[in-house]
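Colleague: First to last, the sequence lines map onto chains A and B.
The opening position of the first sequence corresponds to residue 1 in my numbering, with each subsequent residue numbered one higher.
The opening position of the second sequence corresponds to residue 1 in my numbering, with each subsequent residue numbered one higher.
These aren't lab readings, by the way, just hints derived from the structure by calculation.
Using N, Cα and C, we set each Cβ at its ideal position, and we do this for glycine too.
With the C-beta cut set under 8 angstroms, the calculated list includes, among others, these residues of chain A facing chain B:
{"#": "1", "residue": "Pro10"}
{"#": "2", "residue": "Thr19"}
{"#": "3", "residue": "Ala194"}
{"#": "4", "residue": "Leu195"}
{"#": "5", "residue": "Gly247"}
{"#": "6", "residue": "Ser278"}
{"#": "7", "residue": "Ala480"}
{"#": "8", "residue": "Leu652"}
{"#": "9", "residue": "Gln656"}
{"#": "10", "residue": "Gly660"}
{"#": "11", "residue": "Ser685"}
Under 10 angstroms between C-beta atoms, here's a sample of chain A residues computed to sit facing chain B:
{"#": "12", "residue": "Arg11"}
{"#": "13", "residue": "Gly20"}
{"#": "14", "residue": "Asp27"}
{"#": "15", "residue": "Glu244"}
{"#": "16", "residue": "Gly246"}
{"#": "17", "residue": "Ile478"}
{"#": "18", "residue": "Gly481"}
{"#": "19", "residue": "Val662"}
{"#": "20", "residue": "Leu666"}
In case you want the letters, here they are:
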Amino acid sequence: MTTYVGARVPRVDSVDKVTGRAVYGVDVKLPGMLEGAVVRSPHAHARIVAIDTESAWRVPGVEAIVTGKDFPHLYGAAIQDQPYLAIDRVRYAGEAVVAVAATSQAAAQEAVRRIEVEYEPLPAVLDMRAALTEDAPLVHPDLHTYKRGTHEIVPHTNINTLYRLSKGDVEAGFAAADVVVEGEYSAQAVSHVALEVHVAVAQYEPGHGTYTLWVSTDRPFFLRSDIVNSLGLESSDVRLIVTEVGGSFGGKGVPVAEAIAIALARHTDGRPVRVELSREEDLVSSQHRVPAIMKLKTGVTRDGMITARTAEVIWDSGAYTAYTVGVAIRGSQTIVGPYRIPNIELLSRQVYTNKPITGSYRGYGTTQVTWACESHMDEIAAELGIDPVEFRLANAYEEGDVYVNGQIMHGVGVGETIERTSEEIGWGTIEREPEPHLRRGKGIATMLKPTMTPSSSNCVINIEQDGRVVVVGAAPEIGAGQDTVLAQMAADAIGVPLASVTVPDTDTAVSPYNGPVASSRTTYHMGNAILAAGTDLHDQIVDLAAETLGVPAGDLDMNDGIIYDGEGNPQMTLAALLGKYAGEGYSLTAAARFSTAGSPLLKADPGVEWISSIFWMFCTQAAEIEVDVETGVIRVLAVAAAADVGKAINPLTCEQQVEGGVIMGLSNGLFEDFYMRDGRIINGSLADYKVATIHDLPDITPILVESVHNEAPFGAKGIGEPAAAATPPAIANALYDALGIRIRDLPITPQKVLDALAAQ
Amino acid sequence: MTMQIKFQINGVMRQVDIAANTTLVEALRDDLDLTGTKEGCGVGECGTCVVVVDGEPVTSCLMLAADAAGKQVETVEGLAVDGELTRLQQAFVAMGAFQCGFCTPGMLMSATALLRRSPDPDVAEIKDVLGGVLCRCGAYPKIIDAIRSVAGEGL
Chain A
1 MTTYVGARVP RVDSVDKVTG RAVYGVDVKL PGMLEGAVVR SPHAHARIVA
51 IDTESAWRVP GVEAIVTGKD FPHLYGAAIQ DQPYLAIDRV RYAGEAVVAV
101 AATSQAAAQE AVRRIEVEYE PLPAVLDMRA ALTEDAPLVH PDLHTYKRGT
151 HEIVPHTNIN TLYRLSKGDV EAGFAAADVV VEGEYSAQAV SHVALEVHVA
201 VAQYEPGHGT YTLWVSTDRP FFLRSDIVNS LGLESSDVRL IVTEVGGSFG
251 GKGVPVAEAI AIALARHTDG RPVRVELSRE EDLVSSQHRV PAIMKLKTGV
301 TRDGMITART AEVIWDSGAY TAYTVGVAIR GSQTIVGPYR IPNIELLSRQ
351 VYTNKPITGS YRGYGTTQVT WACESHMDEI AAELGIDPVE FRLANAYEEG
401 DVYVNGQIMH GVGVGETIER TSEEIGWGTI EREPEPHLRR GKGIATMLKP
451 TMTPSSSNCV INIEQDGRVV VVGAAPEIGA GQDTVLAQMA ADAIGVPLAS
501 VTVPDTDTAV SPYNGPVASS RTTYHMGNAI LAAGTDLHDQ IVDLAAETLG
551 VPAGDLDMND GIIYDGEGNP QMTLAALLGK YAGEGYSLTA AARFSTAGSP
601 LLKADPGVEW ISSIFWMFCT QAAEIEVDVE TGVIRVLAVA AAADVGKAIN
651 PLTCEQQVEG GVIMGLSNGL FEDFYMRDGR IINGSLADYK VATIHDLPDI
701 TPILVESVHN EAPFGAKGIG EPAAAATPPA IANALYDALG IRIRDLPITP
751 QKVLDALAAQ
Chain B
1 MTMQIKFQIN GVMRQVDIAA NTTLVEALRD DLDLTGTKEG CGVGECGTCV
51 VVVDGEPVTS CLMLAADAAG KQVETVEGLA VDGELTRLQQ AFVAMGAFQC
101 GFCTPGMLMS ATALLRRSPD PDVAEIKDVL GGVLCRCGAY PKIIDAIRSV
151 AGEGL
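Use the sequences and the hints to build the structure in full.
Modeller: Next up, the structure:
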C-alpha cells in the first residue's frame with residue numbers, strides 16, 4: 001500500500017534548514033581544533049627548488065608546517081597520480097604546496113605569508129590539443145609507473161585515457177546515407193560553486209595510526225577508498241562522519257580540503273585540524289567540469305533516419321585525473337544520444353594539461369556530450385529541412401530498443417518527454433519580433449543518461465521501543481531530497497507514519513556500505529534496499545502482532561502504524577504492540593543488501609556487458625528565448641523541462657531537481673567560463689565568475705514522465721543529473737531559430753552572438 | 001587588540017570581546033556560536049550571510065562587528081519563537097523553497113526584511129531584494145512562490 005510514495009510531502013529536513021539548526025561541514029567545531037591554511041603555486045608548471053619555513057615557524061600558535069615530502073602519498077580514483085601536497089613539482093597554478101596548522105586562522109594565514117617557495121618554471125601545456133602533440137611537455141612523465149585500474153593509457157604521452165567503442169559498420173552506414181553532416185563543438189570548464197565551500201576536519205590517532213574525518217561529502221565510502229588506498233591503510237582505519245552538505249553537484253567526492261587536513265593532522269599529535277577553502281581556492285583548486293572538444297559526423301537518409309555516426313572526443317583532465325577517467329569513458333558513450341543509430345564509431349581520449357583539476361560534475365560527462373549531440377541534431381534537421389521535433393521523434397529510442405552494446409532498453413520514456421515539452425512550449429508558434437531590436441526563437445534538446453552499474457546499497461532499519469523508525473544507510477542528504485524520498489519509501493514498505501521515520505547522517509563506523517550519492521542512483525539503489533528491509537520489518541511486526549493477539553499472521557496487516565485484522569478493523573498500534581514488551585525490551589531490526597549485479601536487464605553483447613545500465617534516464621527541454629540583436633544578450637523566457645523519472649516518489653522534490661537543473665544548465669550555457677593568463681585563473685571570485693541569479697530565472701514548467709521501471713522501487717529511476725544537461729543546447733537551438741546563427745562553443749556569450757551576426 | 005562590544009541579538013543583549021577587524025558574521029558564528037548564518041565567500045558576493053540589522057538586510061561579512069554595536073541584529077535563529085515557525089518559514093517548508101539549505105538563512109532574512117517593509121511585494125520586488133543571494137541548487141521558483149504565498153498576510 002502506498003500512503004506516502006507519490007505524495008507531495010514536505011521534505012523531512014525542512015525544519016532544520018529553515019531554522020538554521022542544520023549542521024554543515026563549515027559548522028563543525030571540536031575541542032583543541034587547529035585551523036589550516038595553504039601556500040599554493042603561482043605557476044602552472046614548475047620545479048620546486050626550495051621551501052623556506054623558518055620565519056613561519058616563529059609565528060605564535062603555529063603547530064605544524066607540512067610539505068609534500070613530509071607526507072609523500074599519491075591518491076586518485078582510477079590513477080593514483082595526485083599528491084596531498086606537491087612533491088618536487090607543481091602541475092597547475094593553485095596547487096597546494098605547503099600547509100600550516102595553527103591555533104587560529106589569523107596565525108595560520110600569517111605563517112602562510114611568511115613561507116617562501118623557490119620555483120624553477122617549466123614549459124606548461126595549457127591547451128588540450130597541444131597536449132596531444134608529440135613534442136608537448138609531459139605533465140606526468142611517470143604516468144606509466146602509477147598504480148592504476150585496467151583502463152587504457154598511452155605511456156610517455158599526456159594521454160591518461162584512451163577508449164574506443166564501435167558498433168556495426170560505419171562505412172556501410174555512411175554509404176547508405178543521403179546526407180552527411182559534420183560539426184565540432186566544445187564545452188568549457190565550469191565550477192560546481194556549491195555555496196558551502198570545500199571544508200574538512202581531520203583527527204589522527206597517534207597510537208593507532210587511524211584517522212577520523214568530519215566531512216561534507218556525497219560519497220563517503222568512495223572518498224574513504226581514495227584515502228585508505230593511498231595511505232596503505234585498511235578500510236575501517238579511516239572513519240568519516242558526514243555533516244549536512246551545502247551543495248555538491250558531483251564536486252564533493254574526491255579529497256580536496258580532506259587531503260590537506262589529513263596531511264596536517266598526521267603532524268599535530270592528535271589535535272584535530274580544520275581546513276576550509278576560501279571561495280577563490282574553491283573556484284580554482286577544487287575541481288571543474290572536464291572541458292571537451294567533440295567532433296561529430298552523422299549520416300542520414302533524406303527522410304531523416306540516422307544511418308551512421310562517428311564521434312571523436314578530447315577531454316582535458318587538467319593536472320590530475322580524479323574522477324575524470326570515468327567521465328572520458330562513461331560520459332563519452334552517450335554522445336550517440338537517445339537515438340537508434342545502427343553504425344557507430346567513437347574515439348575518446350583524455351589528456352593531462354597544466355590546468356586546474358577537473359572531475360565529476362552533475363551529469364558525469366553528459367552535459368558536455370549532450371551539448372554536442374543536440375546542437376548537431378539540429379544542424380542535421382536544418383540540412384534536411386525537417387522539423388527538429390519530428391527528426392528527434394523519428395529516431396528516438398522506444399521501449400525494447402537495443403543500446404550500442406546490445407542491451408535491451410527498459411523504461412524508455414524519451415518520446416513522451418519530447419512530445420510533452422514541445423506541446424508545452426507551443427512549438428511552431430511564436431511572436432518573432434516583440435520589439436525592433438529583439439528576436440525570439442524556440443529550441444529543443446533531449447538526452448539520455450545511464451547510471452553507475454553495477455553498484456550496491458545496504459541499509460539497516462531499526463525500530464525503537466516507541467515504534468519510531470531509524471533508517472541507517474550511507475546516502476548523505478546533498479540537497480536533492482534524498483532523506484525525504486528514502487523516508488517515504490521506508491514508511492510505505494514497513495507500514496508506518498512518515499513522521500515516525502528518521503534518516504540520520506552518515507557515519508562510516510555505523511552505516512553499512514553504500515555506493516556514492518552520485519549518478520542519480522540513490523532512489524533506485526538505496527530505495528530497493530529499504531524496500532527489502534522494510535518489507536521484512538512489516539512481516540516481523542505482523543508475526544509479532546499475531547503471536548500477541550493469538551491469531552494467524554495471515555489475517556493481519558499494518559498500515560500507517562496501525563495493525564488491522566482481515567476485515568480492516570484496527571486492532572492496535574505498533575507502539576502499543578511494542579509497549580507490551582516494554583519490561584523485557586523488544587527491538588525490531590532488518591538489514592538488506594541490494595546490488596544490480598547479475599540483473600537479467602543487463603544482458604548485452606559479450607565483452608561489452610559492462611556498458612549496460614540498470615536504468616536509463618531521459619530528459620528533454622524546450623526553450624523560448626529572446627535575443628537583443630544590438631547587444632547580443634540572450635534572455636531565456638520559458639523552459640518546458642520534462643524528465644522521465646520512472647515514478648515520482650515525491651513530485652515536489654522531482655520538481656526541485658528539474659527547476660534547479662534548468663537554472664544550472666542556463667548558467668553553464670550562457671555565463672560561466674574561466675579566464676586564464678599564463679595558466680593562472682584571473683576570475684576566481686563570484687563577482688567575476690558569473691552564475692545565474694534570481695534575475696535570470698525563466699518561466700520553468702517541470703513535467704514528470706513516469707515510464708515505470710520493473711526492477712525499481714515503486715517504479716522509480718533517478719533524476720538529479722539529467723535535469724541540467726539539455727538546457728544549453730535547447731538555448732543554442734532557439735538562437736538558431738531566432739537568428740539563423742549557430743554557436744558551437746560554450747558558453748553562448750553576447751560577444752559570440754554579435755560576432756556570428758557580423759559574419760552572417 | 002581586542003575590544004568589547006554590545007548589541008542586541010534576536011532581542012537579547014549580548015556582549016563580545018573581539019579583535020577590531022572581526023566581521024559581524026565572524027562574531028555571530030565564532031564568538032556567539034550562532035552558526036545558522038552561513039558564510040559563502042567572505043567578500044559580499046554570494047549573500048548567504050545576510051542578517052537583518054536595524055531592520056535592513058545586511059551582508060554580515062562586509063560589516064564589522066564593531067559597527068553593529070548598539071544595534072539590533074536578527075539572525076535565522078531568532079525567527080521561530082519557542083519552536084513556532086513564522087509564516088514565511090512555514091511557507092518555505094510547504095513549498096519546498098530550499099534544496100541544500102545553505103543559502104536558506106540568507107534568503108529568509110532578506111525576505112523577512114522585505115515583507116516588513118513591503119507586506120505585499122510583487123515578483124519584481126522580490127527579485128530585486130533576493131538578487132544578491134545566490135542559490136546554486138536553483139530553488140528560486142519555489143522561493144518566489146513561498147514569499148508570494150504569505151504576501152499580504154503578515155510574517
